[in-house]
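**Q** Anchor point for the sequence shown: position 109 equals 109 in full-length UniProt numbering, and the numbering is continuous, going up by one each time.
Keep in mind that a hint or two might mislead.
[Said to hold, decoys possible] The list that follows gives simulated cross-link-like pairs (lysine-lysine, DSS-like), each with its CA atoms no further than 27 Å apart:
| hint | residue 1 | residue 2 |
| --- | --- | --- |
| 1 | K89 | K193 |
| 2 | K192 | K87 |
| 3 | K42 | K60 |
| 4 | K61 | K89 |
| 5 | K87 | K151 |
No lab work stands behind these hints: they were computed from the structure.
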Amino acid sequence: MLIRIFDILISTVAAIIVLPLLFVLAIVMVIRQGFPVFFSQKRVGRDFRPFEIYKLRTMKKSSEDELGLTKGLHDERITPIGLVLRKYKIDELPQLFNILAGDMSVVGPRPQVPFYAEKFRHYYERVLMRKPGLLSPSAIKFSNEEELLDKVSDPVAYYEQTLVPVKCEMDIELVNGFNLKKYFSVLTAYFKKVIFKT
Numbered sequence: 001m002l003i004r005i006f007d008i009l010i011s012t013v014a015a016i017i018v019l020p021l022l023f024v025l026a027i028v029m030v031i032r033q034g035f036p037v038f039f040s041q042k043r044v045g046r047d048f049r050p051f052e053i054y055k056l057r058t059m060k061k062s063s064e065d066e067l068g069l070t071k072g073l074h075d076e077r078i079t080p081i082g083l084v085l086r087k088y089k090i091d092e093l094p095q096l097f098n099i100l101a102g103d104m105s106v107v108g109p110r111p112q113v114p115f116y117a118e119k120f121r122h123y124y125e126r127v128l129m130r131k132p133g134l135l136s137p138s139a140i141k142f143s144n145e146e147e148l149l150d151k152v153s154d155p156v157a158y159y160e161q162t163l164v165p166v167k168c169e170m171d172i173e174l175v176n177g178f179n180l181k182k183y184f185s186v187l188t189a190y191f192k193k194v195i196f197k198t
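Based on the provided sequences and hints, a complete structural model is requested.
**A** In structure tokens form, the structure reads like this:
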């Protein structure tokens, strides 16, 4: 209950702060790449319940694949504006409204697409014991994920064989015994990463 209260407080304050930025970005995006501004995609929530996640559109129209996986920041489907949005994770800001809606938490495992949640169900049965989140230790550690995918010859194989197992193990550790201490520990780690680049 306390975690939900903090989710609402933090996401409400953050949404108020970023709304002017989202408004300006929406205008620029419409001028430069047309509608739609937002992109929604089905993700898997707690106990495998599906929900729609919201992002700013970073790819050319109708080019998002069903896996939700890109080949890295040099993926030809990514628009010039989208490249900047993805690099600085600005495209994730609309997920504040997913948090307010109760689909996500501020802290929790990053939401996965149905394909990978089923393919790696032996992991996700444990990962999805709590709500997915905007921030997690694995998301902080692999904040440069798309840069890593840029450097390998087979991004899909690298994602499936290397990134998914490591990230899931970290997510399982987060979920086990999740409490306010872990919640604020992840928030602290995130701000250290952003401010001090540590």
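**Q** Evaluate each hint against the coordinates.
**A** Status of each hint after checking the structure:
1. K89 - K193: holds (13 Å)
2. K192 - K87: Holds. K192 to K87 sits at ~18 Å (cutoff 27 Å).
3. K42 - K60: Distance of about 18 Å is within 27 Å: holds.
4. K61 - K89: Distance of about 20 Å is within 27 Å: holds.
5. K87 - K151: holds (15 Å)
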